[in-house]
Amino acid sequence: MQERIKIEMADLLLSYIALAMILFSIGFLGIISRKNIFIVYMSIELMLNAVNLIFVALGRYNESMEPQVMAMIIIAIAAAEAAVFLSLIVVLYRNKKSLNSDIFNVLKQKDTANG
Amino acid sequence: MDNFLLAWIVLVPLLSSLILGTMYLYSIKVTKIPNIVFSMFALTAPFISFVLGVSFFFRLLENSDVIIYRAYKWLSVDGYDIDMGFMADQLSIFMVLFITFVGGLIHIYASGYMKDDDGYGKFFFYFNLFLASMLLLVLANSPIIMFIGWEGVGVCSYLLISYYYQDSENVKAGNKAFIANRVGDLGFIIAMITMFYYAGSNGFDYINLELGMANVPVEVLSFIGLALLIGAIGKSAQIPLFVWLPDAMAGPTPVSALIHAATMVTAGVYMVARFHFLYDMIPNVGLFIAYIGAFSALFAAIIATKQTDIKKILAYSTMSQLGYMFIAVGLGGYSAGIFHVFTHAFFKALLFMGAGAVIVALHHEQNIFKMGGMRRKTPLVYFTMLIATLAIAGIPPFAGFFSKDEILLTAFGSGEYFIWIIGVITAVLTAYYMFRLLFVVFHGSNYKENRELHSLSKNMTMPLVILAIGSILAGFIGVPLLLGGQNYIGIWLEILNSKALHVEHSIELYLMGLNILAAVIGLLIAYKKFFNYDMSKVPEYTGLIWNKFYIDEIYDRIFVDKLKKLSIFISYKLDINFIDKIVMGISNGFIRSGNVVARLQSANTRMYAFSMLMGISVISTYLIIVMR
Numbered sequence: 075m076q077e078r079i080k081i082e083m084a085d086l087l088l089s090y091i092a093l094a095m096i097l098f099s100i101g102f103l104g105i106i107s108r109k110n111i112f113i114v115y116m117s118i119e120l121m122l123n124a125v126n127l128i129f130v131a132l133g134r135y136n137e138s139m140e141p142q143v144m145a146m147i148i149i150a151i152a153a154a155e156a157a158v159f160l161s162l163i164v165v166l167y168r169n170k171k172s173l174n175s176d177i178f179n180v181l182k183q184k185d186t187a188n189g
Numbered sequence: 014m015d016n017f018l019l020a021w022i023v024l025v026p027l028l029s030s031l032i033l034g035t036m037y038l039y040s041i042k043v044t045k046i047p048n049i050v051f052s053m054f055a056l057t058a059p060f061i062s063f064v065l066g067v068s069f070f071f072r073l074l075e076n077s078d079v080i081i082y083r084a085y086k087w088l089s090v091d092g093y094d095i096d097m098g099f100m101a102d103q104l105s106i107f108m109v110l111f112i113t114f115v116g117g118l119i120h121i122y123a124s125g126y127m128k129d130d131d132g133y134g135k136f137f138f139y140f141n142l143f144l145a146s147m148l149l150l151v152l153a154n155s156p157i158i159m160f161i162g163w164e165g166v167g168v169c170s171y172l173l174i175s176y177y178y179q180d181s182e183n184v185k186a187g188n189k190a191f192i193a194n195r196v197g198d199l200g201f202i203i204a205m206i207t208m209f210y211y212a213g214s215n216g217f218d219y220i221n222l223e224l225g226m227a228n229v230p231v232e233v234l235s236f237i238g239l240a241l242l243i244g245a246i247g248k249s250a251q252i253p254l255f256v257w258l259p260d261a262m263a264g265p266t267p268v269s270a271l272i273h274a275a276t277m278v279t280a281g282v283y284m285v286a287r288f289h290f291l292y293d294m295i296p297n298v299g300l301f302i303a304y305i306g307a308f309s310a311l312f313a314a315i316i317a318t319k320q321t322d323i324k325k326i327l328a329y330s331t332m333s334q335l336g337y338m339f340i341a342v343g344l345g346g347y348s349a350g351i352f353h354v355f356t357h358a359f360f361k362a363l364l365f366m367g368a369g370a371v372i373v374a375l376h377h378e379q380n381i382f383k384m385g386g387m388r389r390k391t392p393l394v395y396f397t398m399l400i401a402t403l404a405i406a407g408i409p410p411f412a413g414f415f416s417k418d419e420i421l422l423t424a425f426g427s428g429e430y431f432i433w434i435i436g437v438i439t440a441v442l443t444a445y446y447m448f449r450l451l452f453v454v455f456h457g458s459n460y461k462e463n464r465e466l467h468s469l470s471k472n473m474t475m476p477l478v479i480l481a482i483g484s485i486l487a488g489f490i491g492v493p494l495l496l497g498g499q500n501y502i503g504i505w506l507e508i509l510n511s512k513a514l515h516v517e518h519s520i521e522l523y524l525m526g527l528n529i530l531a532a533v534i535g536l537l538i539a540y541k542k543f544f545n546y547d548m549s550k551v552p553e554y555t556g557l558i559w560n561k562f563y564i565d566e567i568y569d570r571i572f573v574d575k576l577k578k579l580s581i582f583i584s585y586k587l588d589i590n591f592i593d594k595i596v597m598g599i600s601n602g603f604i605r606s607g608n609v610v611a612r613l614q615s616a617n618t619r620m621y622a623f624s625m626l627m628g629i630s631v632i633s634t635y636l637i638i639v640m641r
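Top to bottom, those sequences are chains A and B.
Reading the first sequence from the start, the letters are residues 75 to 189 in the numbering used here.
Reading the second sequence from the start, the letters are residues 14 to 641 in the numbering used here.
Here chain B stands alone, though its shape is the one from the complex:
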């Protein structure tokens, strides 16, 4: 009945972005449009989408049937139709809710953060387009439509990361993100083709694919699963395609918040959960996913302990938390994974916004060892950041505790103790590096006292407070039964979970205690080392971890250099000696023959008349003699 509104969840931000883009062009070409006009469009779009999402949420509460809306026939090849279809089930609507909510708050924050920027309208054009792509990705009813959103997200991330395009380093970072994502996209495309070939005979939407996959051999399913996984790894920045994520910090801070919290990186997790019917049939590939997630989590956490750039620390922590989500979805605990996506969206957005506020206050200083003592200067940012740090470290009752606990419980309950151990170690490291950041930035002493702080506008602090409340409360939708709560998210996403975990309550309690212990250990180490840290000197880091295990250099050596050599060979040898010869030869031949023919143009009128009449007479003679 009102299913067409489903399309409008995507269309509203899309239209808003188009309007913003047009207005921005008008603004730079004709007359300047005040920022308030841009904000009016930019900030209402996520809000409208959120309200629409809520309406569908309530519809699904009443009636849990999947809502499908086919807008129009998008492709039709020889009777095989692919619709521009939208699908709302429990998973996608849940994603829509927090994407639009957190995304909307980031929009408000960005309107404060970017208010002095010349490209205000352009920024929000990209921002809304980003949101629209992400919503399309989530609401799509078939892999192909999902792929449109998938690519849209990639393009927008490229545009936003290299937003400060005057600096070529930022453009390089944008390119890196885009290229790393393209590698993943290739996997997605291969998976789609294989799926289409083996299981797409009845239709290419999720429901038909699920039916079609029942008869496909396991080897093929595993291949599809792995190819899809490459796509997910690319988007969600897991080993080995994570290199773009830290560099993505080149963009403005709201972009980092949007990419890392609500959109983009969660796309990979969402995709694995979306194809749960596929991964349920191939548990071995799922286990592989879990291992990739576990190693990524540990790897990123180790690197994060030595970074000095506040945004880079947060970037690696994102990668680490995404690793947790992959552990969960890989082991079949889809609701646990999506739960962590949800809580992570709150506290990670909050962390980035708080970091952005500190960076703005200190006139774009990003090295944490040059900050210090911000607790008294910006108490509001301090408190909100404290809440977010407690949440990400996994200290109850903040949001991160419940979701992380559930993921580790999933790992333990599935009998994958090795992954579980990695998860616990990562939890220690997480608490350590996050509190290190907090203590150094907000508590450290001996910093340069006489600094003028850039004032923070209301737009920037208000979302912090809302998200802080969210970071406290978000966890309570998934309180485990053991603590007398109700795991609402588990119930809501029940359709996804195929297998139930059986862990005894006493063990569950021990595990919970262990998680808290892990967080507290991390906290204490950080406290000992960095509380009241002497800020007079900026520490110089060297070594393996500081250099991120030389991964970038290794990639350069293996892939980039080889490609560069090949490109140089092609452009300087093959192109000049072979292709240019052919192309120039053809064009020179035409020029030469043209010159020869042009000599006939001698301006001798009598000659023209003669040749014309001779021609006519030859033709007439031919006609008379032969054609007769």
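Next up, chain A with everything else stripped away, as it sits in the complex:
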């Protein structure tokens, strides 16, 4: 009986993890393929939440509350981070009147004379 429940739980866990992986990949692709900083930001949040999902799912599987607490903390931090990130985007926009991430290349290595 106990065994059976465990196996069912494992199947369930796998599907959660698969979902998290899909979310993560979407986020990843979003980061590397899109230029709009807002989209990039949303993709980052997506990846963050994919990881969070794994946390929660594994917590349920192991019948432990600690990962849930961790997930809560991550969500709280993500909220704070969002505030910072959005204000940064506003500042960046004010500087260049654009949200194209490729425009911000001040730190790029310029070609040097003897290079």
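Hints in this document: simulated from the structure, not taken from any laboratory.
Being a predicted model, the structure only gives us computed values, none of them experimental.
All residues carry an ideal CB built from backbone N, CA and C; glycine is no exception.
Take the hints with a grain of salt, since some may be wrong.
Said to hold, decoys possible - Each pair of labels, with its calculated beta carbon distance range:
(1) LEU38/B to ASN169/A: 43 to 53 angstroms
(2) ASP176/A to ASP588/B: 25 to 35 angstroms
(3) PHE178/A to LEU579/B: 22 to 32 angstroms
(4) SER624/B to ALA156/A: 22 to 32 angstroms
Chain B: place on chain A using the hints.
Structure of chain B alone, referenced to chain A:
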């Protein structure tokens, strides 16, 4: 009990010099400090050292045991300790007494001589440091501590000789002194290493070395003795390392007085006397020292007869007198040598100070043939210089007579007649060139009469008088028994003298008469040629002697030019074609590879994120598959 005061003999001038240096920096950076403040520190230091020296002198009078004070452990290598130790025995305390006394007088004189100089504080900073180094050299209880003082003296002489650094010639003279001394130092270092290797197993102070040397083979001892001798030659300006001494005249006159009278050049003589236990065992090397001394004495005296620069004449006379001292210490007459060091300190300091006074009075004129008739202008300087000249020429009862007589007696008594003859000839020459100087500077006629003389301050004339008294009296501590006196210095330094001389009294008397005769002959020749010398024309000298036997040129040809060529080869060929290639190649390689790597910094954020995540996934995959 009060042994720690021994260290303070050295520490007082050292601290004073540090204070002076700090004050001088403050004075040039913030606000000007009046000269009187500098003088206060500078002039008290030698005085305190002198008083401390006297206290130890009296202690040694009561109890002749060696006083040793170990301040702290200076080096400790694998259980082998070298202490920062000070030792006072008869020899070192005797040296301390006249170094601080004559040095103190030179300090007072310098405070008058340098009073208009901007670097007054700096000058006394060097001066006190010089004195401290010399005292450390004398009071050290081991060769290594002595070497610290030895090097300190070298550095200070360099700083002081090139004191007027605005003129590049003076800087060159300072460099020359320093480099010639370094050659000697090399000998000292080699001697120390050999001594340490063969005789240093129980400890590296003089007492243990003396014990340790008993079992060392004679060949090794001779090697040590010769290596030490090279050091002594370098410091005491003997053939062949004397070239720096005449050039050392580039410094201010008090510096010349300090270097030539009380400190520095006597270090070599002191060292030979200090290592008397070594030289007693190798009389052949001692004889070699005596010959070097004899030839240096004669050589310098010959050159001095043709010089026209008042300070150069005195410089060569110093070298000549040092030759006498080397004759004495080389033949085992340590007390005679140190006695001459002592009397020489008085009259040579006096001569330099008198010369300095004349030079200042005539607005820095150094050619004796442009002086003349100074007898009426500066009578005090004339009388003191006269006393000093009589003393150095060896006319009784002035100081130089007794010490020179004792040295020549040592040479004669040891059976080294050749050295003795050279000594007597040198005595004639000494009297000749010194009286030539005196007559030309003070008696000569037809000089330009209407000259404004620079006034001489009390600070400059007072030490002259004291030293003149000293030059008269200094000889009386060593009056030979023959004349009904008591040779106090011989008794005081008895521990040094290993062998007694046996010369019959009648012969001794003849020798004495001969010495006086030699001096008088020199005097008379000088009188005939230069008394009432016509000063209207300045004689032009040429020839071998005037050009100092071309020694400088020969050295240039043999050593300096070769070294220069080697340096040019290294700097223009080896350096550019070989070393630069390697060094620049390495740095260029880094720059190129840096440029390649820097291209990765493309400011493409998405690329960064991609590579980062790819990296993370590669590492995670590795961890999962391999590390599992």
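A quick look at each hint next to the structure:
A hinted range of 43 to 53 angstroms for the beta carbons of LEU38/B and ASN169/A is consistent with their spacing of about 52 angstroms. Checked against the hint of 25 to 35 angstroms, the pair ASP176/A and ASP588/B fails, with Cβ atoms roughly 50 angstroms apart. Between PHE178/A and LEU579/B, the C-beta spacing of about 60 angstroms breaks the proposed range 22 to 32 angstroms. Between SER624/B and ALA156/A, the C-beta spacing of about 26 angstroms keeps the proposed range 22 to 32 angstroms intact.
Violated hints for the displayed structure, listed by number in ascending order: 2 and 3.
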